[in-house]
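Protein chains in written order, with UniProt numbering: chain W, 1 to 694; chain V, 1 to 694.
No lab work stands behind these hints: they were computed from the structure. There could be a bad hint or two in this list.
Which copy is meant is left open, because identical chains are indistinguishable; a pair holds if it fits in one copy or across any two.
Claimed, not checked - Dumping the calculated DMTMM-like pairs for lysine to aspartate or glutamate here, alpha-carbon to alpha-carbon at most 20 Å: (1) Lys682 <-> Asp600; (2) Lys320 <-> Glu373; (3) Lys324 <-> Asp209; (4) Lys319 <-> Glu329; (5) Lys324 <-> Glu373; (6) Lys398 <-> Glu187; (7) Lys251 <-> Glu117; (8) Lys326 <-> Glu362; (9) Lys398 <-> Glu451; (10) Lys324 <-> Glu517; (11) Lys319 <-> Asp296; (12) Lys198 <-> Asp239; (13) Lys319 <-> Glu373; (14) Lys682 <-> Asp666; (15) Lys326 <-> Glu349; (16) Lys326 <-> Glu373; (17) Lys324 <-> Glu379; (18) Lys324 <-> Glu372; (19) Lys139 <-> Asp671; (20) Lys320 <-> Asp507.
On a predicted model such as this, the values are computed, not experimentally measured, just so you know.
Number of protein chains: 2
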Amino acid sequence: MLLRGRPRTLGAAALLLLLLLGFFLFGGDPDYGRPRSQGAATFDGDPPADPRGHNRSDCIPPPPPPPKCELLQVAIVCAGHNSSRDVITLVKSLLFYRKNPLHLHLVTDAVARNILETLFHTWMVPAVQISFYNADELKPQVSWIPNKHYSGLYGLMKLVLPSALPPDLARVIVLDTDVTFASNIAELWALFAHFSDKQAIGLVENQSDWYLGNLWRNHRPWPALGRGFNTGVILLRLDRLRQAGWEHMWKLTATRELLTLPATSLADQDIFNAVIKEHPWLVQPLPCMWNVQLSDHTLAERCYSEAPDLKVIHWNSPKKLHVKNKHVESFRNLYLTFLEYDGNLLRRELFGCPCPPPPGAEQLQQALAQLEEQDACFEFRQQQLTVHRVHITFLPHKPPPPQPHDVTLVAQLSMERLQMLEALCRHWPGPMSLALYLTDTEAQQFLRFVETSAVLSARQDVAYHVVYREGSLYPINQLRNVALAQALTPYVFLSDIDFLPAYSLYDYLRASIEQLELDGRRKAALVVPAFETLHYRFSFPSSKAELLTLLDAGSLYTFRYHEWPQGHAPTDYARWREAQAPYRVQWAADYEPYVVVPRDCPRYDPRFVGFGWNKVAHIIELDAQEYELLVLPEAFTIHLPHAPSLDITRFRSNPTYRDCVRALKDEFHQDLSRHYGAAALKYLTALQQPRGPA
Amino acid sequence: MLLRGRPRTLGAAALLLLLLLGFFLFGGDPDYGRPRSQGAATFDGDPPADPRGHNRSDCIPPPPPPPKCELLQVAIVCAGHNSSRDVITLVKSLLFYRKNPLHLHLVTDAVARNILETLFHTWMVPAVQISFYNADELKPQVSWIPNKHYSGLYGLMKLVLPSALPPDLARVIVLDTDVTFASNIAELWALFAHFSDKQAIGLVENQSDWYLGNLWRNHRPWPALGRGFNTGVILLRLDRLRQAGWEHMWKLTATRELLTLPATSLADQDIFNAVIKEHPWLVQPLPCMWNVQLSDHTLAERCYSEAPDLKVIHWNSPKKLHVKNKHVESFRNLYLTFLEYDGNLLRRELFGCPCPPPPGAEQLQQALAQLEEQDACFEFRQQQLTVHRVHITFLPHKPPPPQPHDVTLVAQLSMERLQMLEALCRHWPGPMSLALYLTDTEAQQFLRFVETSAVLSARQDVAYHVVYREGSLYPINQLRNVALAQALTPYVFLSDIDFLPAYSLYDYLRASIEQLELDGRRKAALVVPAFETLHYRFSFPSSKAELLTLLDAGSLYTFRYHEWPQGHAPTDYARWREAQAPYRVQWAADYEPYVVVPRDCPRYDPRFVGFGWNKVAHIIELDAQEYELLVLPEAFTIHLPHAPSLDITRFRSNPTYRDCVRALKDEFHQDLSRHYGAAALKYLTALQQPRGPA
């Protein structure tokens, strides 16, 4: 109708414009979107059964992207500590470029679920929904398949997604944990529009000669269409697969192939390819740049040097970033971009998309909005409210076997105390739960630090929990609480990172707990007396007797003897010298001993950030809850010297800082009175006589 | 011709496809690419003289991007230390998304040129050319215009680009230093294709009511077409402007307006708008998302909440990131992404574009390729070859006035020693040149640290040079050389960051240099005796007498008395106690005193990375070049305690590390023999008697 007036000229003009647009869409590269020369060679020996279906996708321009606020669905299988780290990098790249709301479907084992649940809960990225699916429940469906691929059993789980994901979920993009996005996933989602009526699986051709079966003598790959397809990135029409009887289909093929082949070499990919070889109408080939495969002998260069744009890179070699490839440096830089990217910065709204805010986000916004910027303690209050992104068990960790008197050492640190870890491991052979306050970049430095340390990498009972930095004040008590919450033994030794415990302390504490019959019968905090050395080369005493000799020689002091004696005076060092049995001491103002308590002890008060009063408040809380304070006669721990932290430097030089700590203390006491009534009066009375910097 | 066969159906099909493509291009938003509702209101009172020209650009879809490897031209005016930092963030965002080779035309004052020349030279980003233009030479062309805008005179320089840039440069994108890219600049470059035959200036409409003149009573803005245009992002057809007599045109308009208006309020933007109001055919309006303006009362939300995509954000408020805007948090996160982005990761090749490598890149590649990964010292050799990105004078700095005996304190540090800076400033009132080894993120933390420190922000004579981290070993001597090269006084005091000099040292050194008549007549290194305290709270001696008392009391030691006495023994502390005049000492093995030397002294040997032998080698070099070693009787400096660095920890625990330091020492001695012949024999002989960890 519109054409009626001057069809011919309009037609010509439209065609011209089309050519122009085509030029735009293909970036001036007539091959864009098509399999490369490599692609042409693919089906040499083995032409696809439905070449029309295959070729069609090559010439059609990219379809329109999904509507601005359409929810895109993504599924990822992830198990264990290391894959969880990989998934986070993948998700960071995904979130960086996305403009649409996302729903992530995560098929995880218990370890990955624990990590990722905490992570996403604390990450609070707008417009991202997360659903978890129990991988262990899916295991029986694939565990019968012998498999040699490094991804193990979990590599096979992509096969069961049509039944594992919700029945009303029709389309999903399935990603391996080792891919990195370099573009907006909506462009990939848009390729669903290319599918013909029957096609159900979108895949990029394999960028190696593996399936051609000529890599070495007697190389017998699984059957595939020509060069085969790579399953690192899959567009799945779940609805069609269910309708086509997918489960039956792949099991039949796999069973048949396993009659002649001993095992899958490439996990799910072998089976996907075998099914596709049998039912080629299922597959919609995708443009190569949506899965640029960087394995050792990759043919990907043909793809990325011609395409105007890289879309997704895939580290599909067991060597990952150490793969040999002449351009690997450039790809690695893209990967490192997201590995080291500050995930907090992804808390960006999608303008114009009405999405429900992440849980807790609204309350947080309100609380933040109520703060007054004029308040001298604004920075403190803002820091207290900050929800830090938390990555628990950042490195592989084996929980300690359940033992009734076991003790976990709990501490927190930042980058500048990393060099304490080796010594600490030598002094404490038991389980530890450590919170590390790091940037994303520092977390990677930390990872390398552990990997290159023989001492640290030998320990599987040390759990490292990364709390990502945000704000200007060190959230010391929030960090302690993260480490404390992750301790898995019945007792915890609440220490600080710049202390080294006596070599015998771990054993001695467990024996003491048993002897004192603390389990349930007695509510006590065991005090570990604290000392300090001022020499940073120092020979650690192997016994109490040796310690006392050093003390008398002036090589050791009781902790903060010069600057802040009241912090430890109630421990009564004079009595400790002679003591043969545990003795009870009374709380006094500013007392902040290092103690062993049951895991369910009160948490630290998160209002204390930066330097000042953070432990003192916790000991008050213990005393208010009527914990006995019992000093152990053979226990000791020694503080090593270090330069003052930035926070302590700020505290000393800034009167506002001190005023704020005082204001926080006052508020703490008010809360204490509210909670414990008259019993809390003694703490307030003690406070009336200020005696030190806190 | 092609159409002849079946024009009608083909025309219809083409139109259908066009609609489909249109949907794709406009993201399903029929308003995309057009001025928003706000745009419709723009010309209410003041319709453009050439509405056809204006409207045409609204309905034409984005043109094809430039060919894959086309060189894109960008011009930026930049002056001073702070703007240089801003430009780097802008350039990082530009490089992150670009896929084309770029030529940056930087119009700079001497300060910015010095900074940016060093930066780009050491950055070595592939496919980026840089040209500098002297802003000071252009000043007379704009300095006659009275201007109230915060950008000052430099804000006006965009007006003279057609004559300042090379005459054969036809097109350029001009950017303010306060914009951030969120997309590929090639898409912006492609908009040149929208220009009609006469149009020469592409601009986004102003996103505030400023030019409507109704913001307050008696608000008299410069004349503009409706809401006017913002000049933070400009597409300039330089060829057409030159042809149209641009210089004459804008000067005429400006002169005329200045008859009735007292000064420009918005610098160049007022004049651009006045010229455009007079010659509306010059302007091609650009889609709003190419310059999303985040000033205080911005109307930008209309733009960014409808557009599918943000392209460029513009912090066009003097408050910059502290501007009040309900979505500022999200924009800030995008900005922080690039502020904190590791610039090293932008050393990414453009696959498939033949570009000449950056200067030095090929030699570097060859040298790196010759290293053997099997070599136990591979990491050391790789670190030595690393070209670190260097940002000299990261913060505002005023060079010291030339004085013949002035001394600059030279040192290097990383984040963990930042807290030393305030104390150092109190102890050394003279000029300092400090190299800081930081990540991009840490550089921002450092900036905030200085800004919030009253002591540090009061000092303009401390030059901070950021050397960006790369590799696992601390490049200590490269850092020292950067700091040394930037010292501007005739003498330098080569110190370390964990030392505090005597309060009187700066004055005393200048007096000594004068007295000893060092200028030219005598080749000497003045030794400043070094001591150490083991207490981190410590009252600093105010005189040599007080220092000796502390020494006798055991509160102070000579430096490394316990661990490495040979490092300072040749200083002869016993003699120093009594000395009243400078005395000469002889070199001995492992001597590493802190010295004052002329600025043109030998550089440190960059092969020594990490811990070990880095200063020792430098003192050998001084001795080999026959510098007299003169100990100053009243000079002293004191080392404060700190935890051992990660490098020293590695050194102690790793035998390979020690072997490599030994190998480097051997190579150093071989070079020494080659250079100094028989005279170097004594160093080798001394080496035969190994006495310590180095």
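Status of each hint after checking the structure:
Taking CA atoms no more than 20 Å apart as the test, lysine 682 paired with aspartate 600 passes in neither setting, with 25 Å inside one copy and 67 Å between copies. Taking identical chains as interchangeable, the C-alpha atoms of lysine 320 and glutamate 373 lie at most 20 Å apart only when they sit on different chains, with a minimum of 18 Å there against 47 Å within one chain. For the identical chains of this complex, lysine 324 and aspartate 209 are intra-copy neighbours only, at 17 Å inside a copy versus 57 Å across copies, given an alpha-carbon limit of 20 Å. With identical chains, the CA atoms of lysine 319 and glutamate 329 are at most 20 Å apart within one copy only, with a shortest distance of 14 Å there and 39 Å across copies.
With identical chains, the CA atoms of lysine 324 and glutamate 373 are at most 20 Å apart between copies only, with a shortest distance of 13 Å across copies and 53 Å within one. Proximity of lysine 398 and glutamate 187 under a CA criterion of 20 Å is satisfied in neither setting, with 41 Å inside one chain copy and 51 Å between copies. Taking CA atoms no more than 20 Å apart as the test, lysine 251 paired with glutamate 117 passes in neither setting, with 32 Å inside one copy and 64 Å between copies. Taking identical chains as interchangeable, the C-alpha atoms of lysine 326 and glutamate 362 lie at most 20 Å apart only when they sit on different chains, with a minimum of 15 Å there against 49 Å within one chain.
In this homomeric assembly, lysine 398 and glutamate 451 come within 20 Å of each other (Cα to Cα) only inside a single copy, at 16 Å, whereas the closest approach across copies is 45 Å. With identical chains, the CA atoms of lysine 324 and glutamate 517 are never at most 20 Å apart, being 60 Å at best within one copy and 60 Å at best between copies. In this homomeric assembly, lysine 319 and aspartate 296 come within 20 Å of each other (Cα to Cα) only inside a single copy, at 8 Å, whereas the closest approach across copies is 51 Å. Taking the shortest Cα distances, lysine 198 and aspartate 239 sit within 20 Å of each other inside one copy (11 Å), while across copies they are farther apart (56 Å).
In this assembly of identical chains, the alpha carbons of lysine 319 and glutamate 373 lie at most 20 Å apart only when taken from different copies (16 Å versus 51 Å within one copy). When the C-alpha separation of lysine 682 and aspartate 666 is checked against a cutoff of 20 Å, the pair qualifies only within one copy, where the shortest distance is 14 Å, while the shortest distance between copies is 68 Å. Taking CA atoms no more than 20 Å apart as the test, lysine 326 paired with glutamate 349 passes between copies only; the shortest distance there is 11 Å, against 38 Å inside one copy. Only between protomers do lysine 326 and glutamate 373 lie at most 20 Å apart by alpha-carbon distance; the minimum there is 16 Å, versus 53 Å within a single protomer.
Taking the closest pair of Cα atoms, lysine 324 and glutamate 379 come within 20 Å of each other only across two copies (18 Å); inside a single copy the shortest separation is 48 Å, beyond that limit. For the homomeric pair lysine 324 and glutamate 372, the shortest alpha-carbon distance between copies (15 Å) is at most 20 Å, but the shortest distance inside one copy (55 Å) is not. With identical chains, the CA atoms of lysine 139 and aspartate 671 are never at most 20 Å apart, being 51 Å at best within one copy and 64 Å at best between copies. For the identical chains of this complex, lysine 320 and aspartate 507 are neighbours neither inside a copy (42 Å) nor across copies (58 Å), given an alpha-carbon limit of 20 Å.
The structure shown violates the earlier hints numbered 1, 6, 7, 10, 19 and 20.
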